[in-house]
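Produce the complete structure using the sequences and hints provided.
Chains as they are written, first to last, in this note's numbering: chain X, 126 to 562; chain H, 57 to 538.
Please keep in mind that the hints were generated in silico from the structure rather than gathered at the bench. A virtual CB, placed ideally from N, CA and C, is assigned to each residue, including glycine.
Chain H stretches covered by chain X per the calculated footprint, using a threshold of three residues with CB under 8 Å from any CB of chain X:
| # | stretch |
| --- | --- |
| 1 | 108-115 |
| 2 | 409-415 |
Taking CB as the label site, the calculated pair distances span:
| # | chain 1 | residue 1 | chain 2 | residue 2 | range |
| --- | --- | --- | --- | --- | --- |
| 3 | X | S262 | H | E90 | 54 to 60 Å |
| 4 | H | K330 | X | N260 | 53 to 59 Å |
| 5 | H | S523 | X | Q269 | 28 to 34 Å |
| 6 | X | K360 | H | S523 | 57 to 63 Å |
| 7 | H | L496 | X | A439 | 44 to 50 Å |
| 8 | X | D314 | H | S523 | 31 to 37 Å |
| 9 | X | E158 | H | K91 | 44 to 50 Å |
| 10 | H | S514 | X | N192 | 27 to 33 Å |
| 11 | H | R534 | X | L376 | 41 to 47 Å |
| 12 | X | K356 | H | A438 | 31 to 37 Å |
| 13 | H | N145 | X | D346 | 52 to 58 Å |
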Amino acid sequence: VFRKIFFIAFIFSMSLARAEAPLNIDLKVEKFELENGMKVLLQVDRRIPMVSVNQWYDVGSYHEERNRTGLAHFFEHLMFKGTKKFPDGKFDELVSKVGGQNNAFTSRDYTGYYETVPASSLEQVLELEADRMTNLSLTLPQIQKEREVVKEERRMRTENTPSGYIFEVMMEKVFNDHPYASSVIGSMDHLNKTELNDFMDFYKKFYAPNNSILVLVGDFDANKAKKWIHKYYSKIPRSKIADVKAPPFKLTTKNTFLRENKRFDNRKLAIYFYAPAYGTKESFALDVICEILAGDESSPLTKSLVEDQKIATAVSFWNYSMKYAGAVSFNADIIGNKSFDTVEKIFFDTLTNLIKNGVSEEQLQKSKDKISLDYVSSLRTLTGKARVLAQSEIIKGDYKAFFGDLAVYQSINKQDIIDVAKKYLNKNQSHILHLGK
Amino acid sequence: MNKFLISLCIVFSLVSCATQEKKSVTSLKTPDFEKITLDNGIRLYLISDKSLPYFTLQGVLAKGSAEDQKGKAGQASLTMSMLKEGSGNLNSEQYKLAYSRYSSELSIDVEKDLVNFKSNGLSKYSGEIAKLFLDSIFKPNFIQVNKAANSIQDFDKVREKRFAQITKSMEEASYYAMISFNALLFNESHYAMPEFGTISGVKKTLLSDVQNYYRQNVVPANLQFALTGNFSEETKKYLLEYLGSIKTESTKKSELVIENEVNAIETKARADFKPRVVVIDKPNLKQAEVRIGSFGPIRSDKDYVSLFIANSVLGSGDFNSRLMQEVRVKRGLVYGIYSFFNGLKDNGAFMVAASTRHDKVVELVETTIDILNTAKDSGLVAEDLSTQKSILLGQFPLKFETDDNFLSQIMRYKVYGFDDNYIQRFYDRIQNISLEEANLVLKNHYKPKESLIVIFASKKQLPADISKLGKIEYLDYRRVFN
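Here is the structure:
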């Protein structure tokens with residue numbers, strides 16, 4: 126999940142929004158909804174003769190049963206396995222033959238399928254995406270083969286990689302009995318158990334036009350695109366989307382400590398906290414805190430641990446915000462056998478100092494500038510733009526929320542920083558892992 | 057926003073067979089840019105785009121880690137790290153604070169043949185960031201005699217950090233497998249050691265060595281810069297004046313690398329190569345990393361682009377590529393697999409990369425070598441080449457999607473001796489290559505029977521039939537670079 130950020134004032138007129146900002150950004154987005162409930166965003170950008178097609182579904186690992194972790198991601202792989210009209214292998218073949226590339230990803234909140242194709246091939250790609258939304262056909266042998274691929278992906282991302290391992294373990298601690306606790310890739314045990322009927326149930330429950338959004342960004346004729354969208358998608362009926370209820374979040378003072386010294390050699394310290402949902406002012410304030418304390422080499426945590434004390438080679442502090450909640454994580458790569466406790470103490474002392482003395486105007490401003498820069502960066506490519514629009518639409522129900530975010534960032538003041546640090550970055554609410562020998 | 061750039065008139069049928077070769081049917085218009093060559097030899101490229109309040113300043117140095125002195129792996133990289141330890145009137149701490157004030161940083165990427173420098177930022181700070189960027193490169197503290205004491209401390213700090221970073225990299229399985237493969241393949245070549253350095257190399261590298269590297273290599277004739285995005289006229293003027301004021305020193309013949317010696321060393325490395333199967337043992341790995349390859353052509357070889365195109369049919373990593381189809385889609389052995397030719401100035405390598413569960417290592421290696429052998433002996437299928445050409449042509453405009461990315465490629469091509477039109481010729485070659493030409497370059501350059509096979513794995517988890525791959529040499533993972 127990429128950072129979300131920014132601000133732009135916008136003028137909205139019926140179906141066409143023009144966003145203009147103090148940063149002088151002008152982004153025209155056309156939005157409409159089909160009768161079957163599928164939302165569509167169109168943004169014409171003729172810088173290169175290509176189109177980024179993004180079909181996202183409002184379903185992620187959050188929507189899985191706890192005894193079937195990894196199902197949403199595994200299913201994402203299976204969406205390439207063919208339909209009656211375009212059998213197994215045809216999707217990739219046809220996209221390739223028109224000079225396109227495609228891929229997909231799954232997060233806790235949503236699943237995204239995307240193609241980057243020459244502008245002349247847009248219609249064909251829309252037909253392929255619409256077809257697999259409703260006509261997917263799976264067989265047991267396909268599932269068995271793909272199961273091994275997904276397990277290799279798990280070994281690569283999580284079991285062989287310290288950072289992947291840490292993230293999996295710590296999210297489980299932060300979210301405990303909530304669906305966000307499960308890793309997106311799923312446990313080996315569950316990957317082995319998931320069967321054909323699990324996937325088909327999942328498909329029926331969540332893959333429908335009224336649970337999806339289509340975003341096109343690039344060099345296309347909007348009128349033709351609309352015609353093709355109606356042609357291929359309008360006939361797909363809306364369906365009842367399963368309502369997933371998760372236990373409510375509670376900010377508790379429960380904390381945990383883990384020590385793992387067999388799996389990896391090098392020392393890493395991880396400290397995680399529960400955090401509020403994406404798009405809330407508190408979440409944005411936590412972004413600012415992370416930027417102030419560890420955003421670059423001169424920021425307090427980096428300077429202290431890496432530059433002055435030379436205890437760590439690198440530190441990171443970031444806020445992973447999702448639709449319903451988030452997690453703030455601090456990670457330090459500790460040098461040799463230097464002390465976990467010393468790093469931990471410096472981290473919490475730095476937080477205490479922030480709460481006691483606040484931040485300077487300069488720190489606040491430069492962190493906001495950095496966030497603005499990240500925001501602008503995300504708009505430099507067709508796919509970057511398509512993703513930020515899709516993400517805002519899926520998570521906040523309105524792509525325009527994206528343009529309002531930076532205004533919220535700009536409104537954050539010194540007291541907000543202190544208040545949110547006190548509320549969320551409390552040692553009694555932390556989850557700590559000492560990894561390595 | 058719509059200032060540029062590419063008009064592609066793709067005339068040929070994208071699903072046609074590959075018989076209609078040799079026609080230049082597609083025109084390509086790349087972004088317009090301004091190029092200025094200063095009296096001192098520095099080249100500056102410019103593209104102005106006011107659509108976003110964002111700019112990028114980047115540079116390329118036409119020297120990289122291949123210039124490291126023997127036994128001092130990491131010399132170039134340590135030199136570049138010292139650029140970030142203060143410059144102009146700023147000490148290390150003040151320098152970092154200054155960059156931070158403008159929400160920017162200097163990122164440096166050291167490769168075998170070149171170094172990339174890059175800073176980006178909000179347009180309102182373009183002038184301030186440009187000054188910091190240029191001072192970092194041209195006025196670093198560590199080459200100034202009156203700052204010697206601080207430089208020694210800064211260098212010790214950089215080196216200490218580097219030791220820890222190298223140790224840490226041993227747990228990044230994919231990266232460690234790749235640098236181990238390079239070390240075992242290139243052996244005595246200048247390209248053998250990782251850009252980042254080795255523990256022993258960094259230990260042996262002194263402050264005087266990085267000063268020497270800087271003075272020998274960071275000279276106008278080796279430098280190109282590019283300014284893109286939304287920057288002010290004042291920033292452009294400042295950049296021109298600053299760069300124009302850099303004195304041209306007569307480039308002494310490098311004490312580090314002597315041209316004819318380079319060729320002799322690279323030739324010998326190729327001549328000395330023997331096929332091997334090496335298991336690099338790391339007990340707690342959960343998945344084995346496999347690298348298979350051999351020497352390949354240098355970057356300026358006449359076959360290089362053809363080979364790039366032909367190889368992508370097998371190993372582009374796309375789902376349609378032959379390795380992905382057989383190894384992932386049909387057999388479920390890997391999550392991803394790709395192959396590539398890494399053409400460098402004076403040498404080159406071919407490598408296939410994948411990871412799999414320990415009990416499937418033999419099947420992965422045998423299947424991969426079979427596929428390479430079949431391609432070498434029987435050639436490609438016309439339809440596969442046609443599809444791959446469509447992908448390469450279809451995705452080509454992404455090279456120009458951002459101006460900084462486009463100019464980065466132009467500067468990179470220059471390092472390898474190509475002019476500004478090279479990108480057009482590259483594009484033309486994709487259109488024109490015939491099946492016969494593709495098959496010929498594969499036949500000439502694929503050498504699956506002479507492969508170096510590197511398996512980064514837990515020895516005790518490997519199956520007994522690993523010996524089917526040949527005589528296995530075992531190496532402790534901590535000993536690869538000792």
